[in-house]
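Enquirer: Take the given structure of chain Z and dock chains F and G to it, following the hints.
Residue numbers (our numbering), protein chains in the order written: chain Z, 1 to 544; chain F, 545 to 837; chain G, 838 to 1142.
Quick caveat, the hints were computed from the structure, so don't treat them as lab data. Errors might be hidden in some of the hints.
A partial selection of chain F residues facing chain G, derived with a Cβ cut-off under 10 angstroms [to be verified]:
id	residue
1	669
2	767
3	771
4	809
5	813
Just a few of them, taken from the derived set where beta-carbon distance is under 7 angstroms, the chain F residues facing chain Z [claimed, not checked]:
id	residue
6	596
7	598
8	622
9	676
10	732
11	782
12	783
13	796
The C-beta atom is built at its ideal place from N, Cα and C for all residues, glycine as well.
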Amino acid sequence: MRTWSLLALALSGLLVAGEPSSARAADKDTLVIALDTLGAQVMDPIMDTRAPHAHYQAPIWDSLVGFDLENGGIGPGVAERWQLAADGQSWTFYLRKGQRFHNGDPLTAQDVKFSLERVMSPESISSGAAALRRAVDRIEVVDDLTVRVHTKGVIPQFVASLSRAVFMEGSVMPKKYIETVGAKGFRERPIGSGPWKFVRSVPGDRIEYEAVTYPHWRGTPQFKRLTLLLVPEQSTRLAMVRTGEAAIASIGPEAVKEARAGGMKIVSVPGTMQAVYQFWGLYRPEAKGSPLNDIRVREALSLAIDRQQIIDHVMGKEARWPMPFAAFRYSSDMTVPRWDDWSRTALRYDPARAKQLLAEAGHANGFRLTFWNTALPGTPFMVPIGEAVAGFWEKIGVKVEMKTVEWGAFDPMGRGEQKGLVGTASMFRTAGRPEPTPRYATSFVSKSVQHLFGDPQNCPALCADADKAYEAIVAEKDDAKRTAATNRMIELVAKTWIAVPIVEGMGTWAVNPKNVGYFKPIPGRHEFGDVTERMPRPEQKPWP
Amino acid sequence: MARVEERIDESALGRPRGDLARLPWVSFAIIAVLVLVAVLAPLIAPHSPTEQSLPDKLLPPAWEAGGSARHLLGTDVLGRDVLSRLIYGARVSLIVAAVALLAGGGIGLIVGIVSGYLGGRTDSFLMRSVDATLTFPTILIALLLAVSLGPGLRTIAIAITVLIWARFARVVRGEVLAVKTRDFVALARVHGCSHLRIMAVHIVPNVLNTFMVLLTLHIGFVIIVEASLSFLGAGIPPPTPSWGQMVSDGRSHIASAWWLSVVPGAAIMLVVLAFNLFGDWLRDWLDPRLRQV
Amino acid sequence: MQRFVLRRLAQSVLLLFVLALIVFALARVSGNPADLLLREDATQEDRAHLLRALGLDRPIHEQLYLFLAGALRGDLGESIRYRKPATEVFFERLPNTLRLLPLAMVGALALAIPLGVLAAVYRGTLVDRVSGAVAVLGIATPSFWLGIVLIYVFSIRLGLLPSSRMGGPSHYVLPTITLGLFLVAGMMRLVRSSLLEVMGSEFVKLARLKGLSQTVVIWKHCLRNALIPVTTLFGVYFALLITGAIVTETVFAWPGVGRLTYEAVIFRDYPLLQAVILLKAIIVLGVNLGVDILYAYLDPRVRYA
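Pulled out of the complex, with its shape left as it was, chain Z reads as follows:
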């Protein structure tokens, strides 16, 4: 026994001693960010499918279309400008001069063509690959700095899909390098054209980067090195920022108060998501008897919610009054002021009116409501929001049967037949993105995944209206006409009270002002992969 313990002791001593020293507690030249997720931690843009790529891939690769840094939404990127052809069937992108990859190769139109085709290739599992395949007819290299993408039909939203403001399909990869070293070699030693060079990736632990030494259009990093740490537990991330082991940590809104109490600064990214609740399959025969099929009941359920209290207390004030479904204050293609006004009154808190509506509908004593409470990846605070919503519904007499489920278990229920969901309510969200239309296509069109209004076999009047409204938007080249059509779609959905916004969420971060200077996030983009290069050192720009 004693021998055994001695052996174990010696063994572990050996292991501790023999371990390579990992990243030191932040030295002044290294910017350390502690994150709740590093996604798939795979150094290849075609191999991650979800938002965390914008944490860890964005430092290395530039995107064809970039950001509007001030207002959110899209702006110049690798392409400094673009133009839609008169017939609406092709887009021409004009690339910035003098861009190069980390191995010195120049970035040309050939690389852009290669990258888009690589994203569409069969080996790609990028989540937008299918959409891109549906949209792109062919890609033409006009000259070294000009590339033309021919689309299948008129697709006004096409450019947005190539910006990291929305998703990752626009990443520009080095054609020559990948063709030389192969996909595997590329993943092991990735290079891109971004302001940070890849140094090493330790799975499940961290990724290290090094700043480029030449001026970069996205901004030349003020720190010599960047380290992204994977720290799954929020309390630990908070501790790391407080001790200075990390400069910045991603936190949820519930931790804001705790972070402030610890002397940290809070950075909130406006408009990163909208939390909503929605009713499933009400058009189906099984749901005909449900109280939810009375529009007065649905409106009452919205009036019962005190959104300001959720913003103040559940979200720690780091949230905003919501716009209509999937609409944000930086959205294009819609009349923002009109919908801002609408949401102030329509989404008000009026429990008396809610009770009156319930009584009118014959449910003065309430009714039973099954409510699926779930949180999508990256926004765990949806669960407490859901709890708060259920609490408000209880207060007007609704007996809420809340079922809290993990997202991986909930998501499949929402696909296909939706058997378990018909006639119930659930939490949902919509990620921050410039145009509302694609999100409406996901939820309300008869052929959509969620098809909340009806499916192709059973499409009542409302469902047919939504299909028509959607058709009117997608093929419209004229901005003014498209805006009018989008407004009509928003109005159509808003007055059904079937998918109802609760709050507009913000991405929240805790910052140690001794480790990093004052910086501003990009509205709507929670992740900091496109912000790190502009973060100053603490002495360069102190926090106000």
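Expert: Chains F and G alone, transformed into the frame defined by chain Z:
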């Protein structure tokens, strides 16, 4: 000889302590209070455990500055009364522990005895099943069950049962291996007792000691596992109040609202301690050999 | 002894096969990785394409055949999330967990043996109760909470230790305590109860009659025998630690296999989940086999039975 016997008695074994007079009253009282509170929860809780009042969120306990007598132990992030949640949580903890221990412990006891006593192929088969079970991470079972059954009390109880039976079986078997080589077992067999009778009459009382140690230890274990599952997001889902979930939810507020995790944490600690000390006494009381001394 | 070991090995292989079948089935009951990889606005067409790319559109029996045939060659497939061979992902992380486990076990034992001996020797006195209570505190505290409190006290308030992550020796202190402390109570109790039992047995009485001192009797004659049940538990505890490291690894951002298992479950990464569980099972079976051999060595009654 008598002198030596006496010396051992005093120095190593202490005095026989099986009498009720030595009942650990404090532990017993804590357990009694716990059971009473759990049973009478609706009568004694000052508020509903799920009723929210967002403006009253994060109120400190009554004795702290800013606290109020309305909420003796303060309120949580959604303004729910911590005391009421604690009271209802006692119910949840007890039910989970009782179900999991009765099912898991019982199965483990039987498997352990059969395996250890019969030996041979049966033993190999059962012990390999035990090994297989022990290689399965609890959360995997809990998560998989949460998918097929939906998360909740039942899922947790089943998951813990699945986890616990193998631990019981393994330890009980180890004990049986030692017991069955004793003379009285061989004697019983010579006298023509059936295996079933030997297991029931001769083996069971001799492993009861170990079984009780395990049982009392595992009441705490069950409560802690439930808490850990809550931490990993596979626990008893809100709004049902459970102590584990409360500690887990409060962990992000250690510096600004300590009562959220400390209060249920202290409750867990007290109860686990009480059950353990009570179990100690129970073991001494039940152990036939020590009573003979 | 040799036959015993060989038989156990054969049994283990059979067990692994059954386990492989169970894991394969359970993983697929739990959901589909495609649902977690897709954006919430993905169409059925996107989903179909992704399934094809992941090889999950094949009929289930074909998937099972490919899995088993691969497993025989030592190929457990490619992790869906990390796009790398699953075994590679596992073995990248395993050393990190193995750095923590022996420390936690030795630490727990170092605390449990003295406490257990004290409690047994001074049985029924205040010393017994205090040792018991100290040991129980370890299991009475949820380890995630203990970890967070330790970080709060030792890194934030006192600034003595790093809050988390792997690094030099100082990085090992808090995770070791967090991981090891919950073992102490169980070990201490078993040391105590089996020590008491041994102290009452004939050969100890004989040793005392020979006039050996109390200390010698306890440390030399009793403890060795009293540790037998503890040895049995070592196998159990090892299995528990390697799967239970999940919580500690999460709190301390420790990139080990515990955390990896959890991720594999949450992301429904079938190949990774299968690989992690099978490889862990192989390790645990190996340790158990070792423990059984040790057990036979320590307790001659078992060897000759």
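Enquirer: Give a verdict on every hint.
Expert: Structure-based check of all given hints:
1. Below 10 angstroms, beta-carbon pairs count as interface contacts, and residue 669 of chain F has one with chain G at about 8 angstroms; its hint therefore holds.
2. Hint status for residue 767 of chain F relative to chain G: holds, with the closest Cβ pair at about 9 angstroms, below 10 angstroms.
3. For residue 771 of chain F, the interface hint holds, the least distance from its beta-carbon to any beta-carbon of chain G being 4 angstroms, beneath 10 angstroms.
4. The criterion of a C-beta within 10 angstroms of any C-beta in chain G is met by residue 809 of chain F, whose closest approach is roughly 6 angstroms, and the hint holds.
5. Given hint, residue 813 of chain F at the interface with chain G, holds; its Cβ is 4 angstroms from that chain's nearest Cβ, closer than 10 angstroms.
6. Using the Cβ-Cβ criterion of 7 angstroms, the hint placing residue 596 of chain F at the interface with chain Z is satisfied: the shortest such distance is roughly 4 angstroms.
7. Checking residue 598 of chain F against chain Z by beta carbon gives a least distance of about 4 angstroms; that is within 7 angstroms, so the hint holds.
8. Of the supplied interface hints, the one on residue 622 of chain F holds, with its beta-carbon coming within about 6 angstroms of a beta-carbon of chain Z, less than 7 angstroms.
9. With a least beta-carbon distance of about 25 angstroms to chain Z, the hint placing residue 676 of chain F at the interface is violated under the 7 angstroms criterion.
10. Evaluation of the residue 732 of chain F hint against chain Z yields a violated restraint, the C-beta minimum of about 33 angstroms exceeding 7 angstroms.
11. At about 5 angstroms, the closest approach between the beta carbon of residue 782 of chain F and any beta carbon in chain Z falls short of 7 angstroms, and the interface hint on this residue holds.
12. Taking 7 angstroms as the C-beta contact cut-off toward chain Z, the hint placing residue 783 of chain F at the interface holds, the least distance being around 6 angstroms.
13. Taken as an interface hint, residue 796 of chain F checks out: its beta carbon lies about 5 angstroms from the nearest beta carbon of chain Z, inside 7 angstroms.
Hint violations for this structure: numbers 9, 10, all remaining hints satisfied.
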